[in-house]
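Chains as they are written, first to last, in my numbering: chain A, 27 to 133; chain B, 2 to 123.
Read the hints as simulated data drawn from the structure, not as lab findings. Incorrect hints may have been included.
As the list claims (entries may be wrong) - Computed list of lysine-lysine pairs in DSSO-like fashion (alpha-carbon distance at most 30 angstroms, straight line):
{"#": "1", "chain 1": "A", "residue 1": "Lys133", "chain 2": "A", "residue 2": "Lys65"}
{"#": "2", "chain 1": "A", "residue 1": "Lys71", "chain 2": "A", "residue 2": "Lys133"}
{"#": "3", "chain 1": "A", "residue 1": "Lys65", "chain 2": "B", "residue 2": "Lys44"}
{"#": "4", "chain 1": "B", "residue 1": "Lys44", "chain 2": "A", "residue 2": "Lys133"}
{"#": "5", "chain 1": "A", "residue 1": "Lys133", "chain 2": "B", "residue 2": "Lys77"}
{"#": "6", "chain 1": "B", "residue 1": "Lys77", "chain 2": "A", "residue 2": "Lys71"}
One letter stands for each residue in the lines below.
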Amino acid sequence: DIQMTQSPSSLSASVGDTVTITCRASQAIGYSLAWYQQKSGSAPKLLIYAASALQSGVPSRFSGSGSGTDFALSISSLQPEDAATYFCQKYNSVPPTFGQGTRLEIK
Amino acid sequence: EVFLVESGGGVVQPGGSLRLSCEVSGLTFDGYAVHWVRQSPGKGLEWVSVISGDGGRADYVDSVRGRFTISRDNSKNSVYLQMNSLRSEDTALYFCAKNKHYSSGADGLDIWGQGTVVTVSS
Numbered sequence: 027d028i029q030m031t032q033s034p035s036s037l038s039a040s041v042g043d044t045v046t047i048t049c050r051a052s053q054a055i056g057y058s059l060a061w062y063q064q065k066s067g068s069a070p071k072l073l074i075y076a077a078s079a080l081q082s083g084v085p086s087r088f089s090g091s092g093s094g095t096d097f098a099l100s101i102s103s104l105q106p107e108d109a110a111t112y113f114c115q116k117y118n119s120v121p122p123t124f125g126q127g128t129r130l131e132i133k
Numbered sequence: 002e003v004f005l006v007e008s009g010g011g012v013v014q015p016g017g018s019l020r021l022s023c024e025v026s027g028l029t030f031d032g033y034a035v036h037w038v039r040q041s042p043g044k045g046l047e048w049v050s051v052i053s054g055d056g057g058r059a060d061y062v063d064s065v066r067g068r069f070t071i072s073r074d075n076s077k078n079s080v081y082l083q084m085n086s087l088r089s090e091d092t093a094l095y096f097c098a099k100n101k102h103y104s105s106g107a108d109g110l111d112i113w114g115q116g117t118v119v120t121v122s123s
């Protein structure tokens, strides 16, 4: 099975900062990658699909990039409501594995 | 607006069974694959199973294959997860979620339910 490795596992940033979370696949997956945001006590929310396509209703300060094995989620102009855990998921084949998550704290 | 609502969770002894349900409203249900994803307390997300829109194809994570069975009844806009021979490691919050695109195989998951809790304990 293809493994997904996210980094960092946690980070802390200030309002207005730009942060980048990376996700690496153990084998090439083309553009078949999604990013989710999960706030405490809630279901995950789709942010990005097909590596860089912004889900409807998601602020444009969220952006995704990459292909093959290396992907990134960038969040610019950080807001307090961006405090959450972020997960990548590959979906080119079964099982559609998730990364282990990145916890983002807003200072 | 599209909603997914899970039910059927509870407390069960090791070796026992539970049947989870996921009811979908607000869309033409039979065109969308539906997944089950679980999250153990304080842990990450683990994909469990998927069923195609017509119910003809299903797949499972290795740790549940042979113990869990996914099914759907499109006339009732519902997907089910029959869980047998439950183990303590199956304890988790179970979410159902749908593929983003109609009639797609592999896809991101755009709508999720709020989850139902399964606790396996003696």
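The hints, checked one at a time:
Between Lys133 (chain A) and Lys65 (chain A) the alpha-carbon distance is near 16 angstroms, which keeps this suggested pair within the 30 angstroms criterion. For the given pair, Lys71 (chain A) sits about 23 angstroms from Lys133 (chain A) by alpha-carbon distance, which is consistent with the 30 angstroms threshold. A hinted pair counts as satisfied when its Cα atoms are at most 30 angstroms apart, and Lys65 (chain A) with Lys44 (chain B) qualifies at roughly 13 angstroms. About 23 angstroms separates the Cα atoms of Lys44 (chain B) and Lys133 (chain A), which keeps this hinted pair within 30 angstroms; it holds.
Between Lys133 (chain A) and Lys77 (chain B) the CA atoms are separated by roughly 47 angstroms; this puts the pair beyond 30 angstroms, and the hint is violated. Between the alpha carbons of Lys77 (chain B) and Lys71 (chain A) the distance comes to roughly 25 angstroms, so the proposed pair stays at or under 30 angstroms and holds.
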